[in-house]
Amino acid sequence: MPFFRRVLPAILCWIVAITLLHMWVNLGSFTPKSGSGGSAAPFRVGFIPVTCHLTCPVTHFINDSLQEESNFEPIRFSAWPELKEAFLSEHLEATFILAPMAMALREQGVPLKIVYLGHRDGTTMMVHKDSSIRRIEDLRGKTIAVPNRFSNQRLIVFRAMRERNIPMSQVKLLEMPPPDMPAALQVKAVDAIISGEPFMAQTEMDGYGRILFLTKDVWPDFISCVLAVHEKTIRDRRADVQNLVDGIASSGKWLDQSPKHRMDAAEFTGKNYYHQDPALLSFVLSKPPDRVKYTNLRVLRKDFEEIEALALEAGVLSGKVKFDDYADPSFVPDEASIKPRNWELP
Amino acid sequence: MTLISTWSPPPGLSTETSLPSIAPRVSWAAFWLPVAVGLGFLLFWDAAVRFSGSELFPKPLDVGRGLLELGQKGLLFKYIIASLFRVTWGFGLAALVGVPIGLVLGWYPFAHAAFNPLIQAFRPISPIAWIPVAILWFGVSDAAPIFLIFLASVFPIMVSAMAAVQNVQAVQIRAARNFGLSSGELFRKVILPATLPQILTGLRIALGVAWLVVVAAEMIAVNSGLGYLIIDSRNAGKRYDLVVAGMVLIGVIGWLLDLAMRQVERFPSVKWAYGNRGE
Numbered sequence: 115m116p117f118f119r120r121v122l123p124a125i126l127c128w129i130v131a132i133t134l135l136h137m138w139v140n141l142g143s144f145t146p147k148s149g150s151g152g153s154a155a156p157f158r159v160g161f162i163p164v165t166c167h168l169t170c171p172v173t174h175f176i177n178d179s180l181q182e183e184s185n186f187e188p189i190r191f192s193a194w195p196e197l198k199e200a201f202l203s204e205h206l207e208a209t210f211i212l213a214p215m216a217m218a219l220r221e222q223g224v225p226l227k228i229v230y231l232g233h234r235d236g237t238t239m240m241v242h243k244d245s246s247i248r249r250i251e252d253l254r255g256k257t258i259a260v261p262n263r264f265s266n267q268r269l270i271v272f273r274a275m276r277e278r279n280i281p282m283s284q285v286k287l288l289e290m291p292p293p294d295m296p297a298a299l300q301v302k303a304v305d306a307i308i309s310g311e312p313f314m315a316q317t318e319m320d321g322y323g324r325i326l327f328l329t330k331d332v333w334p335d336f337i338s339c340v341l342a343v344h345e346k347t348i349r350d351r352r353a354d355v356q357n358l359v360d361g362i363a364s365s366g367k368w369l370d371q372s373p374k375h376r377m378d379a380a381e382f383t384g385k386n387y388y389h390q391d392p393a394l395l396s397f398v399l400s401k402p403p404d405r406v407k408y409t410n411l412r413v414l415r416k417d418f419e420e421i422e423a424l425a426l427e428a429g430v431l432s433g434k435v436k437f438d439d440y441a442d443p444s445f446v447p448d449e450a451s452i453k454p455r456n457w458e459l460p
Numbered sequence: 003m004t005l006i007s008t009w010s011p012p013p014g015l016s017t018e019t020s021l022p023s024i025a026p027r028v029s030w031a032a033f034w035l036p037v038a039v040g041l042g043f044l045l046f047w048d049a050a051v052r053f054s055g056s057e058l059f060p061k062p063l064d065v066g067r068g069l070l071e072l073g074q075k076g077l078l079f080k081y082i083i084a085s086l087f088r089v090t091w092g093f094g095l096a097a098l099v100g101v102p103i104g105l106v107l108g109w110y111p112f113a114h115a116a117f118n119p120l121i122q123a124f125r126p127i128s129p130i131a132w133i134p135v136a137i138l139w140f141g142v143s144d145a146a147p148i149f150l151i152f153l154a155s156v157f158p159i160m161v162s163a164m165a166a167v168q169n170v171q172a173v174q175i176r177a178a179r180n181f182g183l184s185s186g187e188l189f190r191k192v193i194l195p196a197t198l199p200q201i202l203t204g205l206r207i208a209l210g211v212a213w214l215v216v217v218a219a220e221m222i223a224v225n226s227g228l229g230y231l232i233i234d235s236r237n238a239g240k241r242y243d244l245v246v247a248g249m250v251l252i253g254v255i256g257w258l259l260d261l262a263m264r265q266v267e268r269f270p271s272v273k274w275a276y277g278n279r280g281e
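Protein sequence lines, in the order shown, are assigned to chains A and B.
Basically this note's numbering = 1-based index in the first sequence + 114.
Basically this note's numbering = 1-based index in the second sequence + 2.
To be clear, the hints were calculated from the coordinates, so they are not data collected in a lab.
It is possible that some hints are incorrect.
No farther apart than 25 Å at their CA atoms in a straight line, the calculated lysine-lysine pairs in the PhoX-like style are these [said to hold, decoys possible]:
id: 1; chain 1: A; residue 1: LYS256; chain 2: A; residue 2: LYS302
id: 2; chain 1: A; residue 1: LYS453; chain 2: A; residue 2: LYS367
id: 3; chain 1: A; residue 1: LYS401; chain 2: B; residue 2: LYS240
id: 4; chain 1: A; residue 1: LYS243; chain 2: B; residue 2: LYS240
id: 5; chain 1: A; residue 1: LYS385; chain 2: B; residue 2: LYS80
id: 6; chain 1: B; residue 1: LYS61; chain 2: A; residue 2: LYS302
id: 7; chain 1: A; residue 1: LYS416; chain 2: A; residue 2: LYS436
id: 8; chain 1: A; residue 1: LYS434; chain 2: A; residue 2: LYS346
id: 9; chain 1: B; residue 1: LYS75; chain 2: A; residue 2: LYS385
id: 10; chain 1: A; residue 1: LYS302; chain 2: B; residue 2: LYS240
id: 11; chain 1: A; residue 1: LYS243; chain 2: A; residue 2: LYS401
id: 12; chain 1: A; residue 1: LYS374; chain 2: A; residue 2: LYS453
id: 13; chain 1: A; residue 1: LYS330; chain 2: A; residue 2: LYS407
id: 14; chain 1: A; residue 1: LYS286; chain 2: A; residue 2: LYS256
id: 15; chain 1: A; residue 1: LYS401; chain 2: A; residue 2: LYS330
id: 16; chain 1: A; residue 1: LYS286; chain 2: A; residue 2: LYS330
id: 17; chain 1: B; residue 1: LYS240; chain 2: B; residue 2: LYS80
id: 18; chain 1: A; residue 1: LYS385; chain 2: B; residue 2: LYS240
id: 19; chain 1: B; residue 1: LYS75; chain 2: B; residue 2: LYS240
id: 20; chain 1: A; residue 1: LYS330; chain 2: A; residue 2: LYS256
id: 21; chain 1: A; residue 1: LYS401; chain 2: A; residue 2: LYS374
To give an idea of the chain A side of the interface with chain B (calculated C-beta under 10 Å), a few residues [claimed, not checked]:
id: 22; residue: VAL121
id: 23; residue: ILE125
id: 24; residue: ILE129
id: 25; residue: LEU141
id: 26; residue: ARG190
id: 27; residue: PRO195
id: 28; residue: GLU199
id: 29; residue: ALA200
id: 30; residue: HIS205
id: 31; residue: PRO296
id: 32; residue: TYR322
With beta-carbon atoms standing in for the labels, derived distance ranges [as the list claims (entries may be wrong)]:
id: 33; chain 1: A; residue 1: ALA154; chain 2: B; residue 2: PRO126; range: 43 to 51 Å
id: 34; chain 1: B; residue 1: LEU258; chain 2: A; residue 2: GLU449; range: 54 to 62 Å
id: 35; chain 1: A; residue 1: THR145; chain 2: B; residue 2: LEU45; range: 43 to 51 Å
id: 36; chain 1: A; residue 1: GLY429; chain 2: B; residue 2: VAL250; range: 37 to 45 Å
By construction, the Cβ of each residue, glycine as well, lies at the ideal position given by its N, Cα and C atoms.
All chains, full assembly: derive it from the sequences and hints.
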């Protein structure tokens, strides 16, 4: 048929053209590969563009800048469910993940180990600047947006309410993706929002958000995200896991070494990894300087036992697994032995 | 009054050798009316944002500046290519699989009775619900969004091909048999020409659906595409100008794709089925 004689060649030309263009502009298939990485199997680590995971891109950027032989490949996700599924299906060797989510996965039979923390603190509860909420007690009868049922941001609300003898039935918790929280607060769709940064700082910078509390004031040394690795990966690729943990630990120390390092990290991470305004990340990393911390990230039993108890109360864990089941602190036996990366932004 | 000139049906199949021009003749009103409506919509949008006093929702000019910024960074071209690549492959594979299966199921009542309930059960499942499966099976490569686009478009294609075969007049098939046509000839000379218009309508609808799910498909850990642009901009703080820019691009390119599909419908071997009321 003349129809097929005219249409099919055009369709074939389109398929070839669009495939070659995609390979050229997006996959870089026609660009010679740089030396770093070598022929070793990639070690893929999932992260989300929140400051809780900042050490992941910082480690990668410094490795690249020093042209170190490394197979470490950070993979950026936009939301928790996709990140979790990619990890479960073993398309990621390791991932930054919410601490209670990792513990719940272990409880559900996923053989993983928490080997290091992502950060300490770094979460804020915000209310609208016009809100009558001035203290935690004022949250009675209010709606609070939390990022996920398996988040420590939800557990901190349980902790704060318990300390004030306020039953949880008197507050309404609403799960909401953190990127949607600033808009929800601005239009007063919710009374308070709590998540990792920089989404909370965004409301402060734009002038409609007011800090109700920083986690460091309510739950000192708060942990939100951890680095989780498959047990199989620890068994088969222990050296790679050790390299990753060493890199993340020393990058964390580098971040906390000086305000300049933090500003540099805000600049290159915002532009190259997070696609966020570097000024926003600078704000999070400096106002106040201890809003989020990247040292003292060793996995400690007492921290996780507290999370376990709260998660049990919140109904996200059943108490079947204990610290030794889901944690492996052996990669950093001594926090003092970690030295900051010896690197400055050129 | 019709806006596009009407087309007279060909006296016979021989007209296939002298194809009429497939470019439409567009009247003055057909061009300026939509332009005027478009401009009116932009003015209404701008006024609505100013009136509401919203600091978050962007005005049309903000979106224009956002598009310019994407263009200057070279991202606009990259993202459009990435989305078109995924839709091309997802939709192309769906057509390759859906049309033959639909024709077979439409031709053999036994096969239709066996498989139709399963197809109808799969059809209403949203591609978003398939995201976990796509990640578990295909990981974080281009294959996962292509799979989602494939799933979204394969069922409309299959169902339209199936219905097209079932709609072929029995008298046409009997006449062909009386002329002694073999099964292969019957397919090439009767079934295929008779079903082509309805199959193309199904493909046109499916292409719209495939483009519609590009945002959901690119929620998976890809780092390019117009769907990714929307999701990435939501993560980037207050960049709702880029969110809306992504929406505008998806809308405009979707419209252009539909226009391209409509050009295919102008071929005489297809157009006979659409009557002569023009557009």
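TODO: Determine which of the earlier numbered hints do not hold for this structure and return their numbers in increasing order.
DONE: Violated hints: none at all, because every hint is consistent with the structure.
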